[in-house]
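From first to last, the protein sequence lines are chains B and L.
Each number in our numbering comes from the position in the first sequence (counting from 1) with 65 added on.
Each number in our numbering comes from the position in the second sequence (counting from 1) with 283 added on.
Watch out, some of these pointers could steer you wrong.
To be verified - Simulated pairs of lysine-lysine, BS3-like, Cα-Cα distance not exceeding 27 Å:
# : chain 1 : residue 1 : chain 2 : residue 2
1 : B       : 120       : L       : 325
2 : B       : 68        : L       : 325
3 : B       : 68        : B       : 135
The hints are simulated quantities; they were obtained by calculation from the structure and are not laboratory data.
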Amino acid sequence: DVKVTQSSRYLVKRTGEKVFLECVQDMDHENMFWYRQDPGLGLRLIYFSYDVKMKEKGDIPEGYSVSREKKERFSLILESASTNQTSMYLCASSLTPGARGAGELFFGEGSRLTVL
Amino acid sequence: QKEVEQDPGPLSVPEGAIVSLNCTYSNSAFQYFMWYRQYSRKGPELLMYTYSSGNKEDGRFTAQVDKSSKYISLFIRDSQPSDSATYLCAPGGNYGQNFVFGPGTRLSVLP
C-alpha cells in the first residue's frame with residue numbers, strides 16, 4: 066500500500082515563528098502536493114512538485130515555501146506563521162498520469178496547525 | 284461562481300437508504316472525475332474515478348458524469364453507518380494533474 070507520512074499530526078505555534086511540515090512517501094511517486102483544508106472552502110492547493118528540486122505555485126502560495134531535495138520528501142515551510150494560517154495541512158503524492166492510472170492522489174493523515 | 288460546488292450538508296439518512304451526492308463544475312476542460320471519501324481526522328482517500336461522461340459502478344457505489352451539464356453524481360446503495368464521512372468531488376484537467384476539489388458533503392448514516 067502507498068503510504069504518505071506527515072511528521073506531525075498536531076502543532077501549536079506562535080505568530081512569527083518559522084514552521085516546518087514534513088511529508089514522506091514510500092512509493093516512488095514523481096508528484097507531490099501540499100494542500101490546506103478549511104471548513105466550507107475545501108482543499109486548496111498551496112504548492113506542488115513534479116520532480117526533485119522542482120516546484121510550482123498552486124492557488125494560494127503566499128506566505129509559504131517548499132523544498133524537495135529528495136524524491137520521497139516534500140517539505141512545507143511557513144517563514145513567519147500568522148493566525149490566518151491556522152488550518153489542516155494535507156500532503157499528497159501521485160504517479161504521473163498515463164498507462165499506470167489517472168494520477169489519483171494519495172493523502173497523508175494531515176497536520177493540524179494552530180497559530181496563536 | 285466557484286469552480287466546483289457541492290452542497291455541504293450535513294446529510295443524514297437511515298441505514299439502508301440510497302444516497303445521492305452531487306457536484307457541479309464550471310470548467311469544460313475537465314476530463315477526469317474523482318470522488319474522495321474523508322473520515323473524521325483522516326486524509327481523503329480515493330473512492331472512485333471516471334474518465335469523460337458516463338457511469339461507473341463499483342459494488343454499492345455508482346459514479347455518474349454528465350459533461351454536457353457539468354454535473355457529477357455519486358450514488359450509494361444500501362448505505363451503512365461506515366459510509367458516514369465527508370465526500371469530496373474532484374474534477375481534473377486533461378492529464379489528471381490539475382484537480383480542483385469541491386468543499387465536500389458531510390454524510391451521516393444512522394443505524
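Comparing the hints with the structure gives:
no.: 1; hint: B:120 / L:325; result: holds (26 Å)
no.: 2; hint: B:68 / L:325; result: holds (13 Å)
no.: 3; hint: B:68 / B:135; result: holds (16 Å)
The structure shown violates none of the earlier numbered hints.
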